[in-house]
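Engineer: Protein chains in written order, with the working numbering: chain A, 1 to 222; chain B, 1 to 406.
None of these hints come from the bench; they were simulated from the model.
Each residue gets a CB set at the ideal place from its N, CA and C atoms; glycine is no exception.
Check the hints yourself; a few may be wrong.
Quick list of the computed label-pair ranges, beta carbon to beta carbon [unchecked claim]:
hint	chain 1	residue 1	chain 2	residue 2	range
1	B	V373	A	D173	55 to 63 Å
2	B	G305	A	A12	26 to 34 Å
3	B	P20	A	A120	28 to 36 Å
4	B	E260	A	R78	54 to 62 Å
5	A	S220	B	K398	23 to 31 Å
6	A	G144	B	L9	25 to 33 Å
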Amino acid sequence: MPELVLQAKGLAKAFAAPAGPLPVLTAVSLEVRAGESVSIRGSSGSGKTTLLQLLGGLDLPDAGEVRVACDGGLVAPRSRLGRGVGFVFQNYQLMPELTALENVALAARIVGVPAAAATAAARELLGLVGLAARADHLPSRLSGGECQRVALARALVNRPAVLLADEPTGNLDERTAEEIMRLLLDIVAARGLALVLVTHSREFAERASRRLVLSGGVLSPA
Amino acid sequence: MPWFLHLALRQLFPPGKRFPAFATVSILGVALGVATLLVVQTVMNGFGEEHRKRIRESFGDCQVVADRPLARPDELVAQLRRAPEVASATAYAEGPALARRGDFSGVAAVRGIDPTDPAQPARRYIHGGSFDDLDDGRVILGLGLAQQLRVRIGDKIELWSPAMAERAEKGKAPLPAEFEVCAILRTGFTEVDNAAALIPLRRFREIWNLGPRAHGVILRLKEPARAEEIAGRLNVGHPDLVFRPWQAIKRNFLEAIRFEKTMLFFLMFIITLVASFSIGSTLFSAVIRRSREVGVLAALGAGRGALLALFGLQGLLIGALGTGLGFLLTGGILCFRDDILRAINAVFGDGDMVASVYQFANIPLHYDPADFVAAGVFTLLVTTLAGFVPALWAAGRKPSEAMRDA
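Same shape as in the complex, but just chain B (with noise of 0.2 Å):
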């Protein structure tokens, strides 16, 4: 072990002493800037990948549209299936109606899905009822709709088209299209929550008179996160189409999410810089605090580059165990992220809006190495050159001068 190292870890840890203050005040400094930059970034990229996944399950990884409904729809779905990144295609209708139920009523977003798909993704939100008694009778609610109706599982609701409307102009009766609700959706997008009704496409054709055409294409991919790109190459060959990917269908919700992420990454990124800033400021008080003994070291033979390694050495060690010890205390507080969400909730009596608001079971989580990485790296960057600094002072002065001061 060179004798710089040996002599910096003997100085941060000094043998003898039970507490060696200045280390641990400034590793707990850094780990404790590094966890909350690191629980942040994890917690909202959580929130982020937790958004992007209901986009595209509610979405859809890309959607296939026109500015007329497709003609052959059928014919569509099963050319798209062949495509080697195309895991499912499924044809949908979709369409406003007014929804009532004896004095209440509501508009509806009425989509035409295909009931035996097991890939629906609506499957995985329902709230209440089962996916699977729907049929060309019964209808899904969404939750914010359902209670606009007040309607339950097994109510009776009914539904005008904009097909009856036209109806009545030709003088013929309009008769609204009976349903029983089979179950509740609840997918934690308001817009979706307040006005989803689904039923089977078969029964949206009938009354939107569509015959066997449809409003669109809903595309699963195998590798969503290339939805852009395969959407592009999906693309060629049909100009009357347009794909749209999930990325697309949200642009302004993921760009919001995203500032947010970059806003919260410049806060921290301000309070590791601070906390960088007092291990600076400590350091510099170190080494003038040893300034005698950088005089003798220089007289002894040190050179500038092992006198900066000293306590830029500190610095780095300092960096490296608060980062480690920083990265475990995200692991912890991560671990235990909910138990502490209820704590802060019981002390300042909110409910949980976690559930509440966002419509999740327990706080998100996404570990993104990178955002670890740069964390790691910025840290230690900054704490080397915290002790760099006064390091490069104290080394570019006179033996003699340094052994004068006290």
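Only chain A is shown next, with the shape it has when bound in the complex (with noise of 0.2 Å):
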């Protein structure tokens, strides 16, 4: 069986509000094995991001626990951020003074790897993602496919084990998101990564090995 690169049991989650505390997460579990893909749908305000945030050591649950690959063992994420996974985000997060280069250096850099060997592998997976030529363009210069495919780099560029993925075609049109959507599952697939897909598409939802949907606070089948 494949190893289990991430763990949460018994997540809980409430943000404050006037009325009081309102629950958006009860009572999360989800195993996730290297190679398997994830895809958790849900409607607007199901609490789908805070879900991934708190599976990636963004946020802290009010109750139970996470445990993400890193290092050899299971350790909680954030203790880990930027090492034991990989985040994609919607609006790409990149730094908008930096080139495609150097945003994916810069998750190296951060973990403390030498620049030159953060530029080479940022380069290298400029590459991967079929960017190499527009390694030197700012973000302001590259299209949102662009734009999707230099944070793809950035996630990978530490090597984690989990890639967290969210609504990472939203704000691209449907030929982009189809290229983009690809190019994610193509990777984490050669990589023997592990996925979890935050969408609300249901055709690229489909294409995940396990598809689950958030709801009420709980995680179930879809």
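Dock chain to chain to rebuild the complex, using the hints, since each chain is given by itself in its own frame.
Structural biologist: Structure below.
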């Protein structure tokens, strides 16, 4: 059986609201193994992004715990931000002042990779996502699809075991979205990564090896 | 180069932009604050230095006096000249007299000096005529006194000393001493210029019936700045004498200059503080604008320290570049200070106050490295803090919160 790379147990999260705490997630548990792709669908406000943030360590759950594979063990993602998981965001979230190459290398530099090695890795990944020729372009000179390719390269640069993708095609036209989704799934399959994909698109969700729906704060099979 | 420094530089000077507005305006703000502070400080230092120099030259670096005329001034002068700290020593005598020319008269502060002394500071303040023409029959008058008596060089005046009144009391006919004006003195000190009358010491002794005595000795020191300390040391073994360093001669005046400088520094400090606060608020809004980026950086693994450094460094860079530019601006303004003043006078129709009021040929300057260091350190500190405060706020947020903000 493939290695367990992501484990969430009994995750609960509520947000403060004027009328009292508003529960978003009540008891979410999830296990993802290497090479597996999991899609999560749900209506707006169902807590998909919140769940992804908890899985990636960007936020802490009120209850429950998350573990991701990193450095040969399962650790809390909060303690390995930038290494255990790679994020792909809907709005790309690139640094506007850095070139495509610098954006990708930045993620490696932040976790302590020397500049030369980070740049070499970034250049290789930009080649992988088909942007070698545009490595020195600023995000403002790239199309939405190209920006998302840069974001994908950035998510991969620290060789995470898990990719968390939050509506990665949400801002793209149909054709570009298709290209990005194919690229994402190809890379995940080729590298044996685990993918947790949050999407509104039924079509893209169907391509994952496991399909889940988040509703009422609980994950259930689609 | 650490990634946060690289990113800080890119955020300050974004590539592809011809005019990085935020950085330019912030750096100019700091530069103007620093330049204002330093120009004022340097000019105030210049005025202070110039006044101190004039005090020393008008009154000596150190005056040696007693509660009665010095009986053997030549011995004292010879003894003091042997002290290693003393550059020169010369006896003097002084006293009031009535100066008169025809229907005009005034009170003169007559001073008997050694006209052969090449170090006589009065030589530097001769406004007309020649110091070297001073002899037993000639007098050098302060400009104010000369105007009061309506005399020019070559005119004759009479001096009536108190000793002549004593003579009259004894029933003898008091005869005034007659002098020809050989030069005009203009030191810039009103109290000196309005009353000074310099005559040879030998002649003074004659008119005042002083015999070989003198009223004091003026010392020139090798290190005038240490006059207070040296005066204390020279005073040892002379309990009957008072050694007055130049700092004590015009203490109130010097204190006023120092206080004026401190007050101006305080006002300029506030100006720089205001500039720094505006940088702080600009950086704060920049950090808020970059809230999502802060969240992304945190999601990529950037620690609190690195995020603090990212924005703190932007403040530091603005401060460093602003301070450097401020130094250059200070040099430029001070280099063209007289032209700038002339232009201001031309616009407002004022006369040349520096020449007419202060008697300075140009605006005096004195560069004090301590002022530059203080202004630089203070500005760097405040601008770095201005960057750190919003950075602290940003770094303290959860990445998820930061990324939710638009």
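Engineer: Taking the hints in turn, state whether each one holds.
Structural biologist: Results for each hint:
1. B/V373 with A/D173: 55 to 63 Å: With a Cβ separation near 60 Å, B/V373 and A/D173 satisfy 55 to 63 Å, so the hint holds.
2. B/G305 with A/A12: 26 to 34 Å: For A/A12 against B/G305, whose Cβ atoms are near 31 Å apart, the range 26 to 34 Å holds.
3. B/P20 with A/A120: 28 to 36 Å: holds (30 Å)
4. B/E260 with A/R78: 54 to 62 Å: With a Cβ separation near 59 Å, B/E260 and A/R78 satisfy 54 to 62 Å, so the hint holds.
5. A/S220 with B/K398: 23 to 31 Å: holds (28 Å)
6. A/G144 with B/L9: 25 to 33 Å: About 27 Å separates the Cβ atoms of A/G144 and B/L9, which means 25 to 33 Å holds.
Checked against the numbered hints above, the structure violates none of them.
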